[in-house]
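Chemist: Sequence:
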Amino acid sequence: MAETKRYPAYRAARMRWLSPVPEHWNEQRAKTFFHEVDERSKTGHEELLSVSHITGVTPRSQKNVTMFKAASYVGSKLCRPGDIVINTLWAWMAALGTSKHAGIVSPAYGVYRPYSADSFNPVYLDYLLRTRFYVAEYIGRSTGIQSSRLRLYPNQFLDIPLLQPPRAEQDQVVAYLRAKDAHIARFIKAKRDLIALLTEQKLRLIDHAVTHGIDASVKLKPSGIEWMGEVPQHWSVVRLKWVCRFTYGDSLSDANRRQGNVPVFGSNGPVGMHDTSNSMGPCIVIGRKGSFGKVNYSESDLFAIDTTYFVDRRCTKANIRWLYYLLVWCRLDRISKDSAVPGLDRTDALNTLVPLPDGAEQERIAKQLDIETAEVNGAIAKVEDEIKLIREYRDRLIADVVTGQVDVRGWQPGSDDIVNDEDLAAFGDEQEELADEEDDDGED
Numbered sequence: 318m319a320e321t322k323r324y325p326a327y328r329a330a331r332m333r334w335l336s337p338v339p340e341h342w343n344e345q346r347a348k349t350f351f352h353e354v355d356e357r358s359k360t361g362h363e364e365l366l367s368v369s370h371i372t373g374v375t376p377r378s379q380k381n382v383t384m385f386k387a388a389s390y391v392g393s394k395l396c397r398p399g400d401i402v403i404n405t406l407w408a409w410m411a412a413l414g415t416s417k418h419a420g421i422v423s424p425a426y427g428v429y430r431p432y433s434a435d436s437f438n439p440v441y442l443d444y445l446l447r448t449r450f451y452v453a454e455y456i457g458r459s460t461g462i463q464s465s466r467l468r469l470y471p472n473q474f475l476d477i478p479l480l481q482p483p484r485a486e487q488d489q490v491v492a493y494l495r496a497k498d499a500h501i502a503r504f505i506k507a508k509r510d511l512i513a514l515l516t517e518q519k520l521r522l523i524d525h526a527v528t529h530g531i532d533a534s535v536k537l538k539p540s541g542i543e544w545m546g547e548v549p550q551h552w553s554v555v556r557l558k559w560v561c562r563f564t565y566g567d568s569l570s571d572a573n574r575r576q577g578n579v580p581v582f583g584s585n586g587p588v589g590m591h592d593t594s595n596s597m598g599p600c601i602v603i604g605r606k607g608s609f610g611k612v613n614y615s616e617s618d619l620f621a622i623d624t625t626y627f628v629d630r631r632c633t634k635a636n637i638r639w640l641y642y643l644l645v646w647c648r649l650d651r652i653s654k655d656s657a658v659p660g661l662d663r664t665d666a667l668n669t670l671v672p673l674p675d676g677a678e679q680e681r682i683a684k685q686l687d688i689e690t691a692e693v694n695g696a697i698a699k700v701e702d703e704i705k706l707i708r709e710y711r712d713r714l715i716a717d718v719v720t721g722q723v724d725v726r727g728w729q730p731g732s733d734d735i736v737n738d739e740d741l742a743a744f745g746d747e748q749e750e751l752a753d754e755e756d757d758d759g760e761d
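So for the sequence shown, this note's numbering puts the first residue at 318; every next one is plus one.
Don't read these hints as lab results, they were simulated from the structure.
Wrong hints could be hidden among the right ones.
Heads up, simulated DSS-like pairs for lysine-lysine below, C-alpha to C-alpha not over 30 Å straight-line [unchecked claim]:
| id | residue 1 | residue 2 |
| --- | --- | --- |
| 1 | Lys-634 | Lys-606 |
| 2 | Lys-634 | Lys-705 |
| 3 | Lys-359 | Lys-558 |
| 4 | Lys-322 | Lys-359 |
| 5 | Lys-508 | Lys-538 |
| 6 | Lys-348 | Lys-417 |
| 7 | Lys-606 | Lys-705 |
| 8 | Lys-417 | Lys-519 |
| 9 | Lys-359 | Lys-508 |
| 10 | Lys-519 | Lys-359 |
| 11 | Lys-684 | Lys-536 |
Derived CB-CB ranges, DEER-like [stated by the list, open to error]:
| id | residue 1 | residue 2 | range |
| --- | --- | --- | --- |
| 12 | Glu-543 | Thr-664 | 54 to 60 Å |
| 13 | Asn-472 | Thr-516 | 28 to 34 Å |
| 14 | Asn-668 | Ala-572 | 34 to 40 Å |
| 15 | Arg-323 | Tyr-710 | 16 to 22 Å |
| 16 | Ala-698 | Pro-337 | 24 to 30 Å |
| 17 | Glu-689 | Asn-472 | 28 to 34 Å |
| 18 | Gly-586 | Thr-460 | 37 to 43 Å |
| 19 | Lys-536 | Leu-511 | 16 to 22 Å |
| 20 | Trp-334 | Met-590 | 55 to 61 Å |
| 21 | Asp-650 | Ser-568 | 34 to 40 Å |
| 22 | Gly-541 | Leu-511 | 33 to 39 Å |
| 23 | Gly-457 | Ile-531 | 53 to 59 Å |
Idealized CB from N, CA, C, for every residue including glycine.
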């Protein structure tokens, strides 16, 4: 196939991580093509842009995420279309890209402007800069004590060699990869739609068991709450605060994090390891900021950070596993204070009315739901693995094409190689929220 052949001749690459590259491709340090700019906003009213490892540089208004909003963006850095924007703290995980937009970014970010707009197709450069080869180079050149807080400073970035194919080849690479991306994105969207259906199926199982129990013969009574419907006659309806209390997680800076076997939980789930716990397993962790209202469960001791609440045996007399299902049923993500920092208010959450069976029935409900949801969870995990595999394939394909391991000059688009931005939006998924929380990490 024309799209999978090699180039006729290769030479050694200047960058240590790269395989030999096409002989006729240029390779010069980034400072040959780009210079750092530090222009600041005087009003803070420009389009606010976000930088993540999933989608690069995009308008924050296009993201379905909740994160910190500064009181003022005066003094933010300005960027233009074609500029490279790098999250200095997160370059090691590819939180950078070329901007298609004029706007503002965090003053802590690096903004690099091309001397000539014709040097690179911005999309080619965006693909190139986020390959595993370049990420390895960022890590190698970054400085910092903690691996998760390595900083890539301007002089370090500008010293990195950039591959520069002839502009016509860059354009062809972009056309080829966008066509492939469209197919992959449609696959991911279909799989994500399937996950949504499976998740809805699981929630229906949870909703029924939490509000009606597992004994179909039991007599029901009106709960007195319109949206709750009927509950078993012998159950109570109480406020959540009479069932449990939410305990605030603790701050854990990178400087204080130590190597260990204790999982660290943020609002979106596990975010690393530590050597000390602040809660006892089994434990429920509820997102307070960021992915607010998201409910996670762990059988083991853990460290819950300060963007979360947690509930362990010290916080409730209820069956912890049943309580996990109850909190899932509560849909806590629908409870939010309208503020600069959207989040889950503890008082509001604990005032939620909930159905309450006795302890023995709580245990039976939890065990039954574990059985009923296991198959659905397995199906969801399988689909998530398929998405992970196709993403890994995409990463390898991009790396091979933008570094010249594959010659696509002879490729011609087929009738099904239709590309539109709506399809490509599928690359920004549920991981994007985590990426944006990281992207903001105190930098705005």
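Chemist: Evaluate each hint against the coordinates.
Modeler: We went through each hint and held it up to the structure:
1. Lys-634 to Lys-606: holds, 26 Å
2. Lys-634 to Lys-705: violated, 39 Å
3. Lys-359 to Lys-558: violated, 47 Å
4. Lys-322 to Lys-359: Measuring from Cα to Cα gives roughly 51 Å; hence the hint is violated.
5. Lys-508 to Lys-538: violated, 40 Å
6. Lys-348 to Lys-417: Judged against 30 Å, a Cα distance of about 21 Å means the pair holds.
7. Lys-606 to Lys-705: Holds - the C-alpha atoms of Lys-705 and Lys-606 are around 26 Å apart, at most 30 Å.
8. Lys-417 to Lys-519: violated, 40 Å
9. Lys-359 to Lys-508: Given that 30 Å is the threshold and the Cα spacing comes to 44 Å, the pair is violated.
10. Lys-519 to Lys-359: violated, 50 Å
11. Lys-684 to Lys-536: Roughly 22 Å between the alpha carbons, so the hint for Lys-684 and Lys-536 holds.
12. Glu-543 to Thr-664: 54 to 60 Å: The hinted range 54 to 60 Å is violated for Glu-543 and Thr-664, with Cβ atoms some 23 Å apart.
13. Asn-472 to Thr-516: 28 to 34 Å: At 47 Å between Cβs, range violated.
14. Asn-668 to Ala-572: 34 to 40 Å: holds, 37 Å
15. Arg-323 to Tyr-710: 16 to 22 Å: 19 Å Cβ-Cβ, so the 16 to 22 Å window holds.
16. Ala-698 to Pro-337: 24 to 30 Å: Violated - the Cβ-Cβ distance for Ala-698 and Pro-337, about 39 Å, lies outside 24 to 30 Å.
17. Glu-689 to Asn-472: 28 to 34 Å: Once the Cβ atoms are compared, 58 Å apart, the range 28 to 34 Å for Asn-472 and Glu-689 is violated.
18. Gly-586 to Thr-460: 37 to 43 Å: Hint violated: Cβ distance 29 Å, outside 37 to 43 Å.
19. Lys-536 to Leu-511: 16 to 22 Å: Given range 16 to 22 Å: violated, Cβ gap about 38 Å.
20. Trp-334 to Met-590: 55 to 61 Å: At roughly 27 Å between Cβ atoms, Met-590 and Trp-334 fall outside 55 to 61 Å, so the hint is violated.
21. Asp-650 to Ser-568: 34 to 40 Å: Given range 34 to 40 Å: violated, Cβ gap about 23 Å.
22. Gly-541 to Leu-511: 33 to 39 Å: Given about 38 Å between the Cβ atoms, the range holds.
23. Gly-457 to Ile-531: 53 to 59 Å: holds, 56 Å
The structure fails to meet hints 2, 3, 4, 5, 8, 9, 10, 12, 13, 16, 17, 18, 19, 20, 21 from the earlier list, while all remaining hints are met.
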